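Top to bottom, those sequences are chains G and A. Quick note on my numbering: the first sequence kicks off at 1 and runs consecutively. Quick note on my numbering: the second sequence kicks off at 1 and runs consecutively.
Hint data in this document are derived by calculation from the structure and do not stem from the laboratory.
Cβ-to-Cβ under 8 Å is the rule here; a few derived chain A residues that face chain G:
#, residue
1, Gln85
2, Cys89
3, Met265
4, Leu267
5, Phe268
6, Gly271
Derived pair list, reagent style DSS-like, types lysine-lysine, alpha-carbon separation capped at 25 Å:
#, chain 1, residue 1, chain 2, residue 2
7, G, Lys93, G, Lys168
8, A, Lys174, A, Lys157
9, A, Lys106, G, Lys260
10, G, Lys93, A, Lys157
Note that the structure is predicted; figures quoted are calculated from it, not measured. For each residue, glycine too, the CB sits at the ideal point set by N, CA and C.
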Amino acid sequence: MSFIIDAIFIGVLQASPLILAAMGFTLIYYLNGFINFGYGEGITYGAYFASFLNLSLGMSFYLSIVPAAMMTGAVSVLTYLYVFRPAIRRGVKPAELIILSVGLSFVLRYGLILMVGAENVFLDEPPIAFFTFAGTGATSLQFIALILVFTFAFNLYWLIYHTGFGEKVRGLADNPDLAQVSGIDPHRVSISVWFIAGSAAGLAGIFQGVFALVNPLMGWNLILITVMVSIIGGVGSVRGALIAAVLAGILTAAITLVTKPLYAEVALLSAFIFILWRRGPRMA
Amino acid sequence: MAYLIFTLSLLLIYVGLALALHIQFGLLGIANFGVVGFWGLGMYAMGVLQVQLDMSFVDALFLVLVLSIAVSWLMGWLVLRLDPQATLCATIAFAAIVSLLVVTEKWATMGVVGLGTIRYPFRIGGGTEYLYFAFLLAVVVGLQILVLRLHRSPTGKLLQAIRDNEELCASLGKNTFQVKMFWFVIASVVMCLLGALSAPLNQFLTPNMIVPSVTFAVWIALILGGKGHSLGAVVGVFVTFGLFDILIETYAPVSPELAVVVPNMKLFLYGLLLMAVLIYRPTGLLAPTTPPEHVWAEIRSAGIAAGRGAMTLFQNGKNAIQNPNTNQPADSTAAQENDGAADGKS
Chain G
1 MSFIIDAIFI GVLQASPLIL AAMGFTLIYY LNGFINFGYG EGITYGAYFA
51 SFLNLSLGMS FYLSIVPAAM MTGAVSVLTY LYVFRPAIRR GVKPAELIIL
101 SVGLSFVLRY GLILMVGAEN VFLDEPPIAF FTFAGTGATS LQFIALILVF
151 TFAFNLYWLI YHTGFGEKVR GLADNPDLAQ VSGIDPHRVS ISVWFIAGSA
201 AGLAGIFQGV FALVNPLMGW NLILITVMVS IIGGVGSVRG ALIAAVLAGI
251 LTAAITLVTK PLYAEVALLS AFIFILWRRG PRMA
Chain A
1 MAYLIFTLSL LLIYVGLALA LHIQFGLLGI ANFGVVGFWG LGMYAMGVLQ
51 VQLDMSFVDA LFLVLVLSIA VSWLMGWLVL RLDPQATLCA TIAFAAIVSL
101 LVVTEKWATM GVVGLGTIRY PFRIGGGTEY LYFAFLLAVV VGLQILVLRL
151 HRSPTGKLLQ AIRDNEELCA SLGKNTFQVK MFWFVIASVV MCLLGALSAP
201 LNQFLTPNMI VPSVTFAVWI ALILGGKGHS LGAVVGVFVT FGLFDILIET
251 YAPVSPELAV VVPNMKLFLY GLLLMAVLIY RPTGLLAPTT PPEHVWAEIR
301 SAGIAAGRGA MTLFQNGKNA IQNPNTNQPA DSTAAQENDG AADGKS
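Start from the sequences, fold in the hints, and give me the full structure.
Written out as structure tokens, the structure is:
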């Protein structure tokens, strides 16, 4: 019984960056219909923006969260405006858009390495209080991360399923022509979505960075599992991405408690291939 | 010089990988993003069999062949029915699994410590590297000839037809899944065997050789060279790997502090190049071509058909003038033409 509680507790704590990343990723996938590997670099950039504000400008970690996330959102919008929108207009097909996004992720990642170097960076954490809860321990930082993640998740959920803006996004994703005829401006909606998704990636990166360390490969290491979780959760389903990310976190924690962490990754990746195979030609 | 021959051998390996990917992506449209998975599997299998089990090169190569057929077949069975985006994700996941297993299975691969030393299959004094290079050259030239022949053969046309419209091919009675499976397995086995052949080249294997940038380098070469052209793979590898890894890294006067930056700069530029090609010239440097004789044959047959049509019309017209009682065919043709014009307007 304590094993199950441990697995759930550690899983949810560890999965908080993944939850954010998967929900943002699935929005772009839903709206534009392709897998954006460049999204992973949003995670890296979020962490680096936070480290810049936190270490170079000396801001407190908690104060740097929101500006760093918004800066990442801006980078995400720029990639949409200057890379993906021209490519889509020129008729590049989804399979090639993915390759394009891999190219973009290399440009962003190695551009960052050329600018700041490839060394690990450690964020200046606020003083940590440790306390126990239902038999397991956690730090104040983890609790705050968890609260922020779930606030963001529920706001996003509300935005997509219960507001006029969410209706516009869903309309554009389901039938772009009909949505445009009804007077929805696809350009403005896309920019908002890319901004929200980029900010989610940035937040994910900030928490991933403060839980462990910041380095240029952190986004690439997280993007594959983000893509997996989003596809398994169902294309465009923010709800599905949330549930799948939590389950993936708990599963990883459970396997890690039994064997090595790397085996958990192997098991998840194999499960992913198997689920894709079970679904067949249908993607979602 | 020894370093140059090593780099040139590696260039040949990349040409081979790009040719195999050309069969998968260029001809069949299967987006295999797990190139490094197959290559790394072959390389590590070779290393483990030679070092841990002390097998000879030929025996190990045979076992790698058997293993790679099994793995490629399993992967083909898992991914070939999927949507192209799902295929891409599943193959990336496969490559990630291979690189993780290389780290975890320390009893076989020695994990991060590294596995060595893998011997060359023969040893003739100072010329071993050169002879091995010649051997690799023969293998890759053979592969290129195979691809060239495949392009001209009916099978090549079938593969392209499956890429462009699989449902149509299936409706014409082709077992498209079987054809895709066969060529996917052939190309993946080629990747594994190229991995096995690069094991003696590297001599000492470490898990950080199995990184996504290998897959990426092969993809950029193929896309840049021209994914649909039979020579695109070679041209692409020479322009990317040949230019950066041989010309710049070997001959450019780079100071030691800059030398650290060069590999990162290379991947940055690869990414930029890939994006530019995909947006502005999706066919790559070499656009896919139809052999000229084929085009001429088509024009000729079209001309003959047009001539025959004109003759028939002429004959009909002449018949209509000669005996007005049987002018039915000419009338019906005219009526059809009117119909066509009406359709065009609406």
